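A.B. asks: From first to last, the protein sequence lines are chains Y and B.
Position 48 of the first sequence, counting from 1, maps to 48 under my numbering, and the rest follow consecutively.
Position 151 of the second sequence, counting from 1, maps to 151 under my numbering, and the rest follow consecutively.
Simulated from the structure, these hints should not be mistaken for lab results.
Please note: incorrect hints may appear among the correct ones.
Unchecked claim - Per the computed footprint, the stretches of chain Y lying under chain B, defined by three or more beta-carbons under 8 Å from a beta-carbon of chain B, are:
no. : segment
1   : 95–102
2   : 110–121
3   : 195–201
4   : 265–273
5   : 277–289
6   : 294–301
Stated by the list, open to error - For lysine-lysine, the following BS3-like pairs were computed, each having C-alpha atoms within a straight-line distance of at most 25 Å:
no. : chain 1 : residue 1 : chain 2 : residue 2
7   : B       : K183      : B       : K268
8   : Y       : K140      : B       : K268
9   : B       : K183      : B       : K53
10  : B       : K176      : B       : K92
11  : B       : K268      : Y       : K136
12  : Y       : K141      : B       : K222
13  : B       : K92       : Y       : K190
14  : Y       : K136      : Y       : K242
15  : B       : K268      : B       : K53
16  : B       : K92       : B       : K222
17  : B       : K176      : Y       : K42
18  : B       : K53       : Y       : K42
19  : Y       : K140      : Y       : K242
It should be emphasised that the depicted structure is a prediction, and the values quoted were computed from it without experimental measurement.
No residue lacks a Cβ here, since even glycine has one placed at the ideal position from N, Cα and C.
Residues per chain, in single letters:
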Amino acid sequence: MSNDPNFTGAGGPTTEELVFDAKEAQRRRKPSTMQRVGDHMKREWQLYVMLVPTILWLVIFLYKPMYGLQIAFKDYSIFRGVANSPWIGLEHFQTLFGNDQFIRALRNTIIISFYGLIFGFPMPILLALMFNEILKQTFKKTAQTIVYLPHFVSSVIIAGIVITAFSPSAGIVNTFLGALGVDPIYFLTKPEWFRPIFVGTGIWQEAGFQSIVYLAAIAGVSPTLYESAVVDGASRWQMMWKITLPSILPTIIIMLIIRIGNMLEVSFEMIILLYQPATYETADVVNTFIYRQGIQGGQYDLAAAAGLFNAVVAFVLVMTANAISKRYSRTSLW
Amino acid sequence: MFVIMNMVLIGLFTLSTLYPFIYIASLSMSTGFEARAGNVILTPVGFTLEAYKQVLSEPLFWSSYMNTFIYTIGGTIMSLLFIIPGAYALSKPQLYGRRFWNLVVAFTMWFNAGLIPFFLNMRDLGLLDSYLGIIIGFAVNGFNIILLRNFFEGIPQSFEEAARMDGANEFQVLWKVYMPLSKPAIATVALFCIVSRWNGFFWAMVLLQDEEKIPLQVYLRKVIVELSDDEEFATSLLTAAYSVETVTAAIIVCSIIPILLIYPFLQKYFSKGILLGGVKE
Chain Y
1 MSNDPNFTGA GGPTTEELVF DAKEAQRRRK PSTMQRVGDH MKREWQLYVM
51 LVPTILWLVI FLYKPMYGLQ IAFKDYSIFR GVANSPWIGL EHFQTLFGND
101 QFIRALRNTI IISFYGLIFG FPMPILLALM FNEILKQTFK KTAQTIVYLP
151 HFVSSVIIAG IVITAFSPSA GIVNTFLGAL GVDPIYFLTK PEWFRPIFVG
201 TGIWQEAGFQ SIVYLAAIAG VSPTLYESAV VDGASRWQMM WKITLPSILP
251 TIIIMLIIRI GNMLEVSFEM IILLYQPATY ETADVVNTFI YRQGIQGGQY
301 DLAAAAGLFN AVVAFVLVMT ANAISKRYSR TSLW
Chain B
1 MFVIMNMVLI GLFTLSTLYP FIYIASLSMS TGFEARAGNV ILTPVGFTLE
51 AYKQVLSEPL FWSSYMNTFI YTIGGTIMSL LFIIPGAYAL SKPQLYGRRF
101 WNLVVAFTMW FNAGLIPFFL NMRDLGLLDS YLGIIIGFAV NGFNIILLRN
151 FFEGIPQSFE EAARMDGANE FQVLWKVYMP LSKPAIATVA LFCIVSRWNG
201 FFWAMVLLQD EEKIPLQVYL RKVIVELSDD EEFATSLLTA AYSVETVTAA
251 IIVCSIIPIL LIYPFLQKYF SKGILLGGVK E
């Protein structure tokens, strides 16, 4: 999920445009709108040839499905198609909110996101602060190269590693527990273990890579601040707390806002790979619910309704987050 | 004291990142018996390459590997063909309705119709179970367009003036002036595409039924999820030279190697890209 509050500012007339318009007005006393558009197209048609494929793609693959979202309010049948299926109003939404599984999925989504936020958000900040304190460049570079790596590894591979490592018979985790005298635990079938494993895996995979943003913010802190602190006899620890951390606070706050805006974006691909019926109780989120009901179960209309609910809440969250971060900082990240 | 503590902690975190990969690599080169018994901790036990022999003798492994290359290369080229000209046009101030077109692009990043309408649309377009569906259906994304558009906007007008004097048209200006100046940004976008293509599995799993068309990640999932649930198969391999664990580990190693090969480029451009376009969550 990404967004760009700056972009609305990009469309106004530029100096070139104004100068151009002035010239145009001089050349022809009173050009009609038709003439102007015609002339413009004659001169600039190539730009539109470049733009059309992209816009067409967006219309066919992303906007047409938005039109298809109407099945959330319809009794959809494959044979009748989207347009001809009969309207049934809010029936699917009533069904959803009376459905224990959907409510459970909603609750799980929020709980898992919340854990991800509490445990996952501070980690990259901490890492960036620590990386910044390392003076040995080779050590720093090597460590960074390694901790960025899991970001580029597919969720299937990560899931494969998790499943292997937590396997009851051969897994390394149970081997260690066995050495401590604990009986093997079949972690991935235990509902109480799902969230810690899932959230922990997410942190392991992404914390390193996410620290890049904070490292960039730290790199932007003025060196004169540190120089005068050294003159005053500040220790590295004091400089970290009194200079570095306050200097990157705006970045931290913006990242936090973006993160909360994307609250509903739980990486459901990973959940599909790791969960099983025994752990649905704690693992099933809205998107996995949609996947099972819709794509696997064929209840397209009901699943589309769940998807619409998800998308609208996400949209409101993202827009709110955008508005807040824009107000908070003019030098927005976007 | 502080400095040493810090280095120790970073070192520990780094090792904990690295360890699972070493563990998997060692597992893939151990005998199935030792792996099942949980004797592999750091280095291979009872060194053998039987698991690799098993993996490499599977035709589906090779066809899925081939398919992943097709989807990655075809998909990335397709993405660039759409994104570069589109971003260029959107960066031009004289474009009519520029604000509106930018909104059309950006809105897709904020609001998404969701899994089901997208799936039904692909079905209605006849793109289920087809190479073309995977290659074209995921070609464009708003974030990449805006990243590139911002980069193009940052290139000063003066660079293209000489070319325009020589009578270059828009396509020539893009090709001869903008493309060479935008190499890092284009490389970033291309790498975003390559990685998401190489790693993508969900839609390939949903859209492709025909086993001959599935990419590596879907094949890998089949092996990991289906075999690890299959206790009978697992125990039948108990004494063999390979086991479910070692075979899984071997496939993981095989599928991770190409990512490791391009990793130096990834590291260089991704950190640039993440700062160029803002933060991608």
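A.B. asks: Take the hints in turn and mark each one as holding or not.
C.D. replies: Right, here's what the structure says about each hint:
Counting residues of the segment 95–102 of chain Y whose beta carbon lies closer than 8 Å to any beta carbon of chain B gives 0, which falls below the threshold of three, so the coverage claim is violated. Beta-carbon proximity to chain B at under 8 Å applies to 0 residues in the segment 110–121 of chain Y; the threshold of 3 is not reached and the given coverage is violated. For the segment 195–201 of chain Y, the stated coverage by chain B is violated: 0 residues have a C-beta nearer than 8 Å to a C-beta of that chain, whereas at least 3 were required. Interface restraint, the segment 265–273 of chain Y with chain B: holds (4 residues with C-beta to C-beta distance below 8 Å; minimum three).
With 1 residues having a Cβ less than 8 Å from any Cβ of chain B, the segment 277–289 of chain Y misses the three-residue criterion, and the hint is violated. Remark: the segment 294–301 of chain Y is confirmed as covered by chain B, as 3 of its residues place a Cβ nearer than 8 Å to a Cβ of that chain, reaching the required three. Restraint check for K183 (chain B) and K268 (chain B): the C-alpha separation of about 13 Å stays at or below 25 Å, so the hint holds. Distance hint between K140 (chain Y) and K268 (chain B) is fulfilled; the C-alpha atoms sit about 15 Å from each other, no more than 25 Å.
With a CA separation close to 41 Å, the supplied pair K183 (chain B) and K53 (chain B) exceeds the 25 Å bound. Proximity of K176 (chain B) to K92 (chain B) is assessed by CA-CA distance (about 16 Å); at most 25 Å being required, the pair is judged to hold. Distance hint between K268 (chain B) and K136 (chain Y) is fulfilled; the C-alpha atoms sit about 20 Å from each other, no more than 25 Å. This hinted pair does not check out: K141 (chain Y) and K222 (chain B) have alpha carbons roughly 37 Å apart, beyond 25 Å.
Between K92 (chain B) and K190 (chain Y) the CA atoms are separated by roughly 56 Å; this puts the pair beyond 25 Å, and the hint is violated. A distance of roughly 23 Å separates the Cα atoms of K136 (chain Y) and K242 (chain Y); the hinted pair therefore holds under the 25 Å criterion. For the proposed pair K268 (chain B) and K53 (chain B), the alpha carbon gap of about 35 Å is over 25 Å, so the pair is violated. Of the supplied pair hints, the one linking K92 (chain B) and K222 (chain B) is violated, its CA atoms being roughly 47 Å apart against a limit of 25 Å.
A hinted pair counts as satisfied when its Cα atoms are at most 25 Å apart, and K176 (chain B) with K42 (chain Y) qualifies at roughly 23 Å. Taking the CA atoms of K53 (chain B) and K42 (chain Y), the gap is about 63 Å. The hint is violated against a cut of 25 Å. Among the hinted pairs, K140 (chain Y) with K242 (chain Y) is consistent with the structure: their alpha-carbon atoms are about 23 Å apart, no more than 25 Å.
When the structure is compared with the earlier hints, violations turn up for hints 1, 2, 3, 5, 9, 12, 13, 15, 16, 18 and for no others.
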